[in-house]
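Based on the provided sequences and hints, a complete structural model is requested.
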Amino acid sequence: PCPRSHPRTCMKCGQGTAALVIRVGDPFCRACFREYFVHKFRAMLGKNRVIFPGEKVLLAVSGGPASSAMVRQVQEGLSREAAKRLRFVPSLVYVEALLPVPSPFPAPLCSLPHSQPHSQLPVPIPTPCTVPGPGCCHPAPRNGAGNVTAALALPPHLPEGAVRRQSPEQREQTLAQMETLLQATGFPYHVIHLEQALELPPSILQPGPERASTSRPAGPSYKEAVDSFIQQQRQDGHGGTSVPGDSTQDRPAGPPATPRLPDAAQTQELLRAFEAAGTATAREELLEMLRTHLIVQTARDRGYAKVMTGESLTRVAVKLLTNLSLGRGAFLAVDTGFTDQRHGDVMVVRPMRDYTAKEIAFYNRFFSVPTVIVPPLLTKRREKLSIHQLVERFLLGLQEEFPSTISTVYRTGDKLSPEPAKASSESQRCLLCLCGLDTDGGE
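Residue numbers for the sequence shown follow UniProt numbering, beginning at 1 and rising by one.
Below, computed lysine-lysine pairings styled on BS3-like, alpha-carbon distance capped at 25 Å:
| # | residue 1 | residue 2 |
| --- | --- | --- |
| 1 | K40 | K12 |
| 2 | K47 | K415 |
| 3 | K84 | K12 |
| 4 | K47 | K84 |
| 5 | K12 | K47 |
Please keep in mind that the hints were generated in silico from the structure rather than gathered at the bench.
Being a predicted model, the structure only gives us computed values, none of them experimental.
Shown next as structure tokens:
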């Protein structure tokens, strides 16, 4: 029988009934959880002060839970009702790849009533429940595949067999869904196909010239930049965040047009490149590198100095241990830190790295944040799991037994310095990741 207990009271307001329990002793009602979620995003940007007023920022969107929640935070931060409005100028970029992302609901939905707020996932939840704990009133058999929260909010790495073939109809349908989601935000957006990586210029393999950015010590302070921006807004006679020349949409208004797919010859050439990668781990690294290069090149071509990505705390922790396993320990600070300045003229910012996958899952479910998830395509090919998948399963399995596992790994990564990743000269720089070569055998 399900254990019965009295509803818990929200720890913040002390009045509302808790709708979720973030940690063991942290119950929140919906209203307080929303305030907590919004404050954390604003505090992350305010504490680091790397995005200046009026600056053009490119938001990398995958359609998954974390990046979709990031876009919602920017939307709310730019609204006139926001107490402390964001002052940068956002645009979106979506890199359409060939691989599918597994569905977040692999099993029929659980229709059994809950006697109290679920501590891991809002109702309804997949059956069987794989997250045992005091907040769940259902039996919870363990299946070793990670928790339900991860299935909802942590998009898994490449499925077995790496890049899969999708029919043109499936790709067009997915692209149409993404264009509808992007257009609904009201922001300018860019849709990039993975095949376009084959046409990238050689300059993508070198850091760009550092701009005279206001985020650098040579420029004015953050306070001076804010004061200057506010004064300019008053002179213009409006309180918006747009700057001249940035209000034009990159895509036309109205219903999205029928998506144009890349040339079939390019698709086949890209598939051959992935097939040439000998292991699933190599294919995952290749995909990540191509996506990053496409996003950075788009930022350069369109004049964006900053790029926001949606890595969550859970994803950062997985990436930290994965990179250690791959021999990239010297570069953990730039691969997982809040800022990544290896590209020179384009800074990558990770504002969602303080949110756990669980918090993002709750937020998206409670406040109806739209996402686009491509269903998996089955394959007859079997091969060993990649290092990325093995580390992810290992960490999520530990998280079930020890709830502080992922946060501990994340905090450890925050103590690392980015200095080892800097190259002393161009000859000492890796062409693929743009970090310094750590090949000195004397160290």
